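*Asks:* Letter by letter, the chains look like this.
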Amino acid sequence: MTPKTAAAAGRVLLEVKDLAQHFGGLKAVDQVNLTIHEGEIVSVIGPNGAGKTTFFNVLTGVYPGTRGQILFNGQELRGMAGHDIVAVGVARTFQNIRLFSHMTALENVMVGRHTRTSQFLLGPLLRTNNFKIEEKAVETIAKDLLEFVGLKSLGNELAKNLPYGAQRKLEIARALASEPKLLILDEPTAGMNPTESQDLVALVRKVRERGVTVLLIEHQMRVVMDISDRVFVFDYGVKIAEGKPKEVVANARVIEAYLGKEGAS
Amino acid sequence: MKALLRWRWTPWVALALAAAFPMFASVLDAQYLVRVGGIIGLFMLLGLGLNFTLGYAGLFDLGFIAFYAIGAYTTAIAMRAGVPAPLALGISVIVAVAFRALLGLTILRLRGDYLAVVTMGFGEIARLTINNLDSLTNGPKGLQLAPWRPLSFVSADPNTQYYLLILGAVALGCIASNRLEDSRVGRAWIAIREDEIAARLSGIPVRHYKLLAFTLSAAFAGLAGGLFAQWEQFVTPESFVFWESILVVSIVVLGGMGSIPGVLVGALVLVGFPPIMQWKLSSEWINYRYFFFGLILVLVTLFRPQGILPSSRREAELTS
Numbered sequence: 002m003t004p005k006t007a008a009a010a011g012r013v014l015l016e017v018k019d020l021a022q023h024f025g026g027l028k029a030v031d032q033v034n035l036t037i038h039e040g041e042i043v044s045v046i047g048p049n050g051a052g053k054t055t056f057f058n059v060l061t062g063v064y065p066g067t068r069g070q071i072l073f074n075g076q077e078l079r080g081m082a083g084h085d086i087v088a089v090g091v092a093r094t095f096q097n098i099r100l101f102s103h104m105t106a107l108e109n110v111m112v113g114r115h116t117r118t119s120q121f122l123l124g125p126l127l128r129t130n131n132f133k134i135e136e137k138a139v140e141t142i143a144k145d146l147l148e149f150v151g152l153k154s155l156g157n158e159l160a161k162n163l164p165y166g167a168q169r170k171l172e173i174a175r176a177l178a179s180e181p182k183l184l185i186l187d188e189p190t191a192g193m194n195p196t197e198s199q200d201l202v203a204l205v206r207k208v209r210e211r212g213v214t215v216l217l218i219e220h221q222m223r224v225v226m227d228i229s230d231r232v233f234v235f236d237y238g239v240k241i242a243e244g245k246p247k248e249v250v251a252n253a254r255v256i257e258a259y260l261g262k263e264g265a266s
Numbered sequence: 677m678k679a680l681l682r683w684r685w686t687p688w689v690a691l692a693l694a695a696a697f698p699m700f701a702s703v704l705d706a707q708y709l710v711r712v713g714g715i716i717g718l719f720m721l722l723g724l725g726l727n728f729t730l731g732y733a734g735l736f737d738l739g740f741i742a743f744y745a746i747g748a749y750t751t752a753i754a755m756r757a758g759v760p761a762p763l764a765l766g767i768s769v770i771v772a773v774a775f776r777a778l779l780g781l782t783i784l785r786l787r788g789d790y791l792a793v794v795t796m797g798f799g800e801i802a803r804l805t806i807n808n809l810d811s812l813t814n815g816p817k818g819l820q821l822a823p824w825r826p827l828s829f830v831s832a833d834p835n836t837q838y839y840l841l842i843l844g845a846v847a848l849g850c851i852a853s854n855r856l857e858d859s860r861v862g863r864a865w866i867a868i869r870e871d872e873i874a875a876r877l878s879g880i881p882v883r884h885y886k887l888l889a890f891t892l893s894a895a896f897a898g899l900a901g902g903l904f905a906q907w908e909q910f911v912t913p914e915s916f917v918f919w920e921s922i923l924v925v926s927i928v929v930l931g932g933m934g935s936i937p938g939v940l941v942g943a944l945v946l947v948g949f950p951p952i953m954q955w956k957l958s959s960e961w962i963n964y965r966y967f968f969f970g971l972i973l974v975l976v977t978l979f980r981p982q983g984i985l986p987s988s989r990r991e992a993e994l995t996s
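If you read the sequences in order, they're chains R and U.
Under the working numbering, think of the first position of the first sequence as 2, with each following residue one higher.
Under the working numbering, think of the first position of the second sequence as 677, with each following residue one higher.
Think of the hints as simulated: they come from the structure by calculation, not from any bench.
Mixed in with the good hints, there may be bad ones.
Each pair of labels, with its calculated beta carbon distance range [what the hints assert, rightly or not]:
no.: 1; chain 1: U; residue 1: A777; chain 2: R; residue 2: G192; range: 21 to 29 angstroms
no.: 2; chain 1: U; residue 1: E993; chain 2: R; residue 2: G151; range: 15 to 23 angstroms
no.: 3; chain 1: R; residue 1: K182; chain 2: U; residue 2: T686; range: 24 to 32 angstroms
no.: 4; chain 1: U; residue 1: L978; chain 2: R; residue 2: R128; range: 34 to 42 angstroms
no.: 5; chain 1: R; residue 1: R128; chain 2: U; residue 2: L827; range: 43 to 51 angstroms
no.: 6; chain 1: U; residue 1: T686; chain 2: R; residue 2: T118; range: 29 to 37 angstroms
no.: 7; chain 1: U; residue 1: E993; chain 2: R; residue 2: P48; range: 26 to 34 angstroms
no.: 8; chain 1: R; residue 1: I134; chain 2: U; residue 2: F968; range: 46 to 54 angstroms
no.: 9; chain 1: R; residue 1: S119; chain 2: U; residue 2: V917; range: 53 to 61 angstroms
no.: 10; chain 1: U; residue 1: F968; chain 2: R; residue 2: Q199; range: 38 to 46 angstroms
no.: 11; chain 1: R; residue 1: P48; chain 2: U; residue 2: L681; range: 47 to 55 angstroms
no.: 12; chain 1: R; residue 1: P65; chain 2: U; residue 2: V689; range: 53 to 61 angstroms
If the Cβ cut is set under 8 angstroms, some of the chain U residues that face chain R in the computed set are [as the list claims (entries may be wrong)]:
no.: 13; residue: G844
no.: 14; residue: A864
no.: 15; residue: A867
no.: 16; residue: L877
no.: 17; residue: P951
no.: 18; residue: K956
Here the structure is a predicted model, which is why all the values come from computation and not from measurement.
Backbone N, C-alpha and C fix where the C-beta goes; we use that ideal spot for every residue, glycine too.
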């Protein structure tokens, strides 16, 4: 598999050091250390309540984190506002789809361009030339992204009226509109049938081909085995294993986390 | 109906009809309606203003009339100090915006119902302050202004003059709203209304944009208040009671949140209905105006919860 060797050669993109997020006495995420290289597709797996989504929420600034460092291209993300994290190149999707329901699919993607555009009050009010140029460019890029995820013909539909699978893809298009270097997907195949999942796996590969590094939470083992260069396993807020997919599924601690002690023996 | 709304000349036809309205009114011997039209126009301005806060950014505000009051009193005080009328309007806008920005900086961390309650409190504080600050506002006795007659070359009737002036302001307000709505700024506001967390994690600095929408609202209220003061030549705290804030919120919700035509129609229905009823039927009908107001609200809520003219999104050309 060539991608793995390519990944191994990649520069370090994200380095998480001793990261923790506690809620009172609950250690939702604790002592997490991990590194992600440019061009990788990395999965995070673990039983329900293992702290995967909380970990993503700390990475993207939803939660402040209790301790530790998140270095993205050497820059500390912890303590940065969510919108600034997008600006430096980290975009995400959500476990429970969070689209702008009453905007069209195209507008959803156009919103994603926010950090890469600059027109403010006077441009739109006076319809200046610069405004028109930027607006045109935003629309073109948004249409291209819709085409990229395969939703171009649905551009004028309100997001809430799209079928489920299309909504997941639209979230990815919106995230890509901010030109991220790292794309974080929170259970992109949740609720999908095998065909739709396949489709999404193909899309994630295409995203990587654009030069975007992908970090995803995934529950469907078939998808994880198929797509990941490397896998991190979380349990009770702690990273208990990491490695290539095949190594990880053979790991005794991982089997124990999923199946209990007897399953491991 | 939909085709009529989409037709590109519809706004201009509506504007022309509205501008010609005083002539019709004088033929029908119903000059009273020109005055009603002017008042409707003031509430259209207020509705357009609140539409930024409530319609686009989705922030509930139950004290909006305070900024109408601030605009009215600023113009009154400025003109009594000898400031020319147009300049007084400008000062009203600036003062209303400044107060609004200060309020927004302190309370925009609140959400939903909490924000509504605090803005309601501010509305009452503003009214009580005006009522008691005798040295500046002359308290409940109110302030008298010297007359200002704009557009005297068009008509000799002050009501017609102010009607047309307000109509012009409404038209400009619609254009400004429409241009902002269909831009990066408007998309950011609507995204925040739809899902605040997703908006932030799509790169929108949510607090800045909320403050911007909140503050811009006051520009419209300040202008409307200034025009009101100049037209009436008299301001008292009684004009700015809590009920008026509710009325503006109802205009936006009933018309269709975030919809410019909706706001216009909302103001037309809610503000225009009682006086027209009074004009057409006996004057005793005015006693039932709140009954009809409630009835309209209930009917719209039941049959068109999205508003009379809900906002429709722009359609892009997808073939190419």
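*Asks:* Confirm or reject each hint.
*Replies:* Evaluated hints:
1. A777(U) - G192(R): 21 to 29 angstroms: violated (44 angstroms)
2. E993(U) - G151(R): 15 to 23 angstroms: About 19 angstroms separates the Cβ atoms of E993(U) and G151(R), which means 15 to 23 angstroms holds.
3. K182(R) - T686(U): 24 to 32 angstroms: Since K182(R) and T686(U) have Cβ atoms about 46 angstroms apart, the given range 24 to 32 angstroms is violated.
4. L978(U) - R128(R): 34 to 42 angstroms: Roughly 40 angstroms apart at Cβ, these two residues keep to the hinted range, so it holds.
5. R128(R) - L827(U): 43 to 51 angstroms: Distance hint for R128(R), L827(U) is violated at roughly 27 angstroms.
6. T686(U) - T118(R): 29 to 37 angstroms: For T686(U) and T118(R) the Cβ distance comes to about 31 angstroms; the hint holds.
7. E993(U) - P48(R): 26 to 34 angstroms: At roughly 48 angstroms between Cβ atoms, P48(R) and E993(U) fall outside 26 to 34 angstroms, so the hint is violated.
8. I134(R) - F968(U): 46 to 54 angstroms: holds (50 angstroms)
9. S119(R) - V917(U): 53 to 61 angstroms: Once the Cβ atoms are compared, 43 angstroms apart, the range 53 to 61 angstroms for V917(U) and S119(R) is violated.
10. F968(U) - Q199(R): 38 to 46 angstroms: violated (59 angstroms)
11. P48(R) - L681(U): 47 to 55 angstroms: Between P48(R) and L681(U), where Cβ atoms are some 53 angstroms apart, the hint holds.
12. P65(R) - V689(U): 53 to 61 angstroms: Distance hint for P65(R), V689(U) holds at roughly 55 angstroms.
13. G844: Because about 17 angstroms separates G844(U) from the closest Cβ in chain R, which is outside the 8 angstroms limit, the hint is violated.
14. A864: This interface hint holds because 6 angstroms falls under the 8 angstroms limit.
15. A867: holds (5 angstroms)
16. L877: holds (5 angstroms)
17. P951: violated (34 angstroms)
18. K956: Violated: closest Cβ of chain R sits about 38 angstroms from K956(U), beyond 8 angstroms.
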